[in-house]
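Each chain, written out:
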Amino acid sequence: MLRGLWRLTWLEIKIFVREPLGVIGTIFIPVLIFVVLGRVIGPRARAGIPDAPRFLSADLAIFVSVLIAASAVLSLVAIVAIYREGGILKRLRATPLRPHTILAAQVMVKLLSTAVTLALMILAGRRYYPVDADVPIVSFTLALLLSTLSIVSIGFVIASVVPTARFAQPIGTLIIYPMMAFSGLFVPIESLPPTAQTIARMLPFTPAVSLLRGIWHGEGWYRHAGDAAALALMFVIFTAVSSKVFRWE
Amino acid sequence: MLRPAVQVSGIRKTYGRTVAVNDVSFDVRPGEIFGLIGPNGAGKTTTMECVEGLRTPDRGAISVLGLDPRRDAYSLQKRIGVQLQEAQLQKRIKVWEAVALWASLYQKPGNGDRLIEQLGLSDKRNAWFMTLSGGQKQRLFIALALINDPELVFLDELTTGLDPQARRAIWDLVRGIRQRGKTVLLTTHLMEEAERLCDRVAIIDHGRIVDVGTPAELVRRHCPEHTVVVETDDEAAAARFRDIPQVDSVTSEGFRVTIRGRGDDLVTQVIQRLAEHRMRVVDFRTEAPTLEDVFLRLTGHAIRE
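Each protein sequence line maps, in turn, to chains A and B. According to the numbering used here, the first sequence is numbered sequentially starting from 2. According to the numbering used here, the second sequence is numbered sequentially starting from 100.
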């Protein structure tokens, strides 16, 4: 049922790499900013500003991960919109390719570019950011994968219906950024008014932030089973909805 | 007789208040090139996309290779090849990559390299899609439509925007498809293309089929008149042609006499008069009506307005 997925993914990777601006924008600029910030804040952090080390060693990783996932959503939406507008989807429709294969290939490309960006950040940023040696890397990677998939699946739904590339960016941003604002990443959820708390708990970024933060701090998966289940459920629901509403043109 | 490759009966499709296709019926026979012809916006593409299974008609029935294009979409996709109007590919996909991707989507793909060669794209194998000319893009789309060795090929406005030379090359390719025993359903707004390429055509205007037949049949049926233009210095020429029974009108302009009439016999009659009266002829030509004239006659307007 996913006939053509590997070839399409491989092709999309090659096509992605052939556009130098895209590669620079998605991979090198974030790494560059990360390193420059590290050079600026790093020394002060080591000089002992009270909250800085905690932020740098823990929340920074979560922050970066979520931001990258959000930008992956936006670029997924943009690419699919361009494909729709340009008639590429229409052409693919007349083949045995299914919509979820097209989306899946894009997601794999996004996951890969996310992984490359993060790996480069870790390599380049090692000198500037003190990271605890006891961070459970494998668990965190898994949590990151689950969170990214779940966040990207919101992108499926937007990407499935957004008519043109010009719409894609603002619509994506309008949906993604408020979700991020209420995710507990910037402001603890507990300090929000009750209604906002309820809404926040239903948004996909919230369990993602909670899971990533927990795993990073060495809390076990069993304490975050609810988060993980919520993310998995959202992934399933959003994917199902998107293949229902998917528009080819 | 063989079962039709495509059978369309009474389909209708509306978009909001606009009726795009209204009670359209036609059959496509196996092994023929069948053309839907008409001006832009006549409903050709909508009809074709209903047959391809990309759209669902509001009413009517379609059978393609004995299958329902919507219900049996998956089993049909293996047996048909589609070239769409105004389709694009990824800007930076290479020619061979597109062919290989398409080949990977089918269980029994044809030989992609051979197709690239047959369509004259060998030296563009490694070129990005965005760098191809209009004709090269169309040839690539034809290659993609043929990759699964389909029994039935759909070609939608495939030579639009091409120069005459590229157009002729594509016509040869389409004839090649027929030669291999495939059936072709195409749309075009170019009457010359329909006349030279199609075994049978359906003239479609404002969402309705006006008539169906071979180009020659349609011309005979709707525009039986012939025109003979003779240039002669014989001053009595016009009068001598006027008493040919099939003649409708004779007009003369200086040395040029234009004889209009109907029936296959007209030209013979004119030649006989020329011989009988030993008229000196400087120039002689006949003008046969074309599909373009048929279209004008049937719809009351030219195909391009």
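In case anyone wonders, no lab produced these hints; they're calculated from the structure. C-beta: ideal position from N, C-alpha, C; glycine also. Fair warning: there could be bad hints in the mix.
[Stated by the list, open to error] Residues from chain B shown here face chain A by an in silico Cβ test under 7 Å; the list is partial: (1) 183; (2) 185; (3) 186; (4) 187; (5) 188; (6) 189; (7) 191; (8) 192; (9) 196; (10) 200; (11) 204; (12) 348; (13) 349; (14) 351.
Cross-check of the supplied hints:
Hint status for residue 183(B) relative to chain A: holds, with the closest Cβ pair at about 6 Å, below 7 Å. Taking 7 Å as the C-beta contact cut-off toward chain A, the hint placing residue 185(B) at the interface holds, the least distance being around 5 Å. Checking residue 186(B) against chain A: minimum C-beta separation of about 4 Å stays under 7 Å; hint holds. A cut of 7 Å between beta carbons decides the hint on residue 187(B): the least distance to chain A is about 4 Å, and the hint holds.
Of the supplied interface hints, the one on residue 188(B) holds, with its beta-carbon coming within about 6 Å of a beta-carbon of chain A, less than 7 Å. With a cut of 7 Å, the hint placing residue 189(B) at the interface with chain A holds, because the nearest CB-to-CB distance is about 5 Å. Interface restraint check: residue 191(B) against chain A, minimum CB-CB distance 4 Å, threshold 7 Å, status holds. The closest approach between the C-beta of residue 192(B) and any C-beta of chain A is roughly 6 Å, which is under the 7 Å cut-off, so the hint is satisfied.
A hinted interface residue such as residue 196(B) counts as satisfied when its beta carbon comes closer than 7 Å to some beta carbon of chain A; here the least separation is about 6 Å, so the hint holds. Because the smallest distance between the Cβ of residue 200(B) and any Cβ of chain A comes to about 5 Å, under 7 Å, the interface hint for this residue holds. With 7 Å as the threshold, the beta carbon of residue 204(B) comes within range of chain A, its nearest partner Cβ sitting at about 5 Å, so the hint holds. For residue 348(B), the interface hint is violated, the least distance from its beta-carbon to any beta-carbon of chain A being 50 Å, above 7 Å.
Checking residue 349(B) against chain A by beta carbon gives a least distance of about 54 Å; that is not within 7 Å, so the hint is violated. Given hint, residue 351(B) at the interface with chain A, is violated; its Cβ is 55 Å from that chain's nearest Cβ, farther than 7 Å.
Taken one by one, the earlier hints fail for this structure at numbers 12, 13, 14, listed in ascending order.
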